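My request is simple: use the sequences and hints to build the entire structure.
Protein chains in written order, with this note's numbering: chain A, 43 to 176; chain B, 236 to 522; chain C, 4 to 145.
Calculated directly from the structure, the hints in this document are not laboratory data. It should be emphasised that the depicted structure is a prediction, and the values quoted were computed from it without experimental measurement. Using N, Cα and C, we set each Cβ at its ideal position, and we do this for glycine too. It is possible that part of the hints are untrue.
If you anchor each label on the Cβ, the simulated ranges turn out as follows [unchecked claim]:
#: 1; chain 1: A; residue 1: 72; chain 2: B; residue 2: 413; range: 23 to 29 Å
#: 2; chain 1: B; residue 1: 295; chain 2: A; residue 2: 48; range: 34 to 40 Å
#: 3; chain 1: B; residue 1: 499; chain 2: C; residue 2: 114; range: 26 to 32 Å
#: 4; chain 1: B; residue 1: 444; chain 2: C; residue 2: 117; range: 46 to 52 Å
#: 5; chain 1: B; residue 1: 499; chain 2: A; residue 2: 110; range: 43 to 49 Å
#: 6; chain 1: B; residue 1: 261; chain 2: A; residue 2: 72; range: 47 to 53 Å
Listing some non-contacts, in silico: residues in chain B with all C-beta distances to chain C over 10 Å [to be verified]:
#: 7; residue: 286
#: 8; residue: 314
#: 9; residue: 327
#: 10; residue: 335
#: 11; residue: 343
#: 12; residue: 398
Here is what each chain is made of, one letter per residue.
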Amino acid sequence: MPTSRSEELPLRSGADVVKVRQVVRTWAAELGFSLVDQTKLVTGASELARNTLDHGRGGSVRLEMLDDGPRRGLGMMFEDRGPGIADINLALTDGYTTGNGLGLGLSGTRRLMTEFRIDSHPGQGTRVYCARWR
Amino acid sequence: MTPASATRLPELLTKHEGPILDRWVEEQLATIGHKRGLMSDAELREQSREFLALVRQAAQSGGLEVDSASWTSVRDFLGRISTSRAVQGFSPAETAIFVFSLKQPVIEQLRRDGGSAEGLFDEVWRTNLLLDRLGLYTTEVYQKGREQVILRQQEEMLELSTPVVKLWDGVLALPMIGTLDSARTQIVMEALLQRIVETGANVAIIDITGVPTVDTLVAQHLIKTITAARLMGADCIISGIRPQIASTIVHLGVDLSDVVTKATLADAFGLALDRLGLTVGRAVQRR
Amino acid sequence: MERIPILKMGDLLLVSIQVDMHDQLALTLQDDLTDRIAKTGARGVLIDISAVEVVDSFIGRMIANIAGMARILDARTVLVGMQPAVAITLVELGLTLPGVQTALDVERGMALLRRDRRPASTLVEVEPVPLETSDVDADEQE
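Have a look at this one:
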C-alpha cells in the first residue's frame, strides 16, 4: 500500500525529462493504474516537462500521490519562470503551434488527464497542474 | 487517548468472563431469532469467546485506541467474522449486532461492580464508544467485500458478453451484443487491441448487429479504436450497422468516411480474406 | 557518443528502439538515418518500436520527419510494433503520423515494403533478399 508522497524534480536538461518519465511511471504503477492510464500519465508528463524545458527555459515539477478516501491519484505541478503564455485559450486549441510542427501539445495533453489547469501570464512564468485519478 | 491503566475493561473481562459470555450469547440468540439455524449455537459461543479474549488482550496492551496496532488482531477477527457471516446469510446489521449486543452484559457488570457515579459513567461511556467503533468496523468490511464481488461480477459479465473470436489466421471478430455504454466500450476496445497484438491479426471485424443504439461517445470510442488499430498496423471493419444506427450516426454528425463498413459479418469476412490475398475455393472431389 | 544502431538488410534499413530516448538521442537518430539512406540508397526504412512504452509529440515528430526525409530520398518508412497503450494514447493526444505506414511486426513490415517496391532500374527482376541475411554496415561504428 503506497504511502502518500510528494517529490520535486528539476527540469533543466533532456536527462531530467527522461528522469521525470521514469519516476511518473514508477509511481503510476505503484498506485495501481492500468497500463493504458500509466502510459497516458507518462506521456502527458513528458509533454509538459518538455514544454517547461523548451518554452519555459527550465523549471521544476512537483509530483504528488493523491488520496481521496477510496480513490487514489497522481498529481503533477509543472512550474517555470519563463516568458509565460500570452493567450492560454489560443494555446489550448487543437493544432496550435509555435512553429515547430506539433505545437505545445497542451490541448492533447489535457485530454490525457482528468484534471488540468494552467496559470500563466506574460513575464510571470507558467504553472500547469494536471492529475489523473484511478 | 485512553491509556491501558485508565480503563477497567480488561480487569472486568478477566474477572467476569464466564457470566459476561453467557449473557452475551443469550442476547445474540434473542436478536438473531429466525436466523438461528444459519449457525450452530456452539459456533456462535466459540466466536464470542474468542472475541472477548482478543478484546481483553488488546485493551490490556493498547488502551482503547481501536486503530492502534494492539487492536489489529481484533480488527482482523472482525473482518473474518464479517465475511463468513455474510457468506452464511446474515445481513451486515446482524453482524454489527454481534458487537453491539455485548454492551448490555458489560454495562450491567460494571454497575454491579459499583464505584463512584462519575467513574461508572466514564467507564460506561468508554465502553459504549469502543463497541460502537468495533460494530461499525464490521459494516465497513462488509461494504468493501460487496464492492469486490460486484467488481468481479462486472468483469466476468464483460468477458462473457464480448468475446474476441479468431475467424482465421490474421482475422479477429468482435461481436458486440447489447447496449454499449462509454465505459464498457472503452474496456472492450482496449481488450481488442491487446488481442490484435497477441494473435498478430491483420484485420479486426467489429460486428454491431446485436447493438440496438449507439450514442456519440460510443461512436467516438469506436473511431478511436479503429485509429489506434491502424497505428498498430491492423485494419478494422465495422459490420452489422442497422439502419437506425446509420441514421443516428448521420444525425450526430460523426464522420465515418475514413472507416470501412460492411452490412454483414459475412461480407466483412469476405473482405478480410480478400485483403489477406486468400480466396475460398471448392474442394476437388476425388473419385 | 551514444547512438541507436541502424542495421542494413539488403536495401532496407532497420532501426530497433530499445531505450527511453532523451531528445538529443532522438535528433541524432534522425540525422543518422537520413545520412544512411542517402549513403546506401536504401529503398525502405523499418522503425521497430515494439519495446517503446512512451511516444510523445517529440518522438512523433521525429518519426514523421524521418518519413518525410526518407520520401525525399525515394525511400518508404514503415513503423512496426506499436504497443496498444501507446496507440490509444497517441489517438487521445490527437497525434497522427502523416506519411508513415504501419505494420504489426518487423516481418510484416518487410513484406509491406517489398510488396509495393517499385522495380529497380534494371531489366532483370531481382529476387527479394531472404530474411536471414543481415549485414551490419562497416561504417556504422564511426
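Hints versus structure:
no.	hint	in the structure
1	72/A x 413/B: 23 to 29 Å	violated, 36 Å
2	295/B x 48/A: 34 to 40 Å	holds, 39 Å
3	499/B x 114/C: 26 to 32 Å	holds, 29 Å
4	444/B x 117/C: 46 to 52 Å	violated, 38 Å
5	499/B x 110/A: 43 to 49 Å	holds, 48 Å
6	261/B x 72/A: 47 to 53 Å	holds, 50 Å
7	286	holds, 48 Å
8	314	holds, 35 Å
9	327	holds, 39 Å
10	335	holds, 49 Å
11	343	holds, 62 Å
12	398	holds, 18 Å
Of the hints listed earlier, those the structure fails to meet are numbers 1, 4, in rising order.
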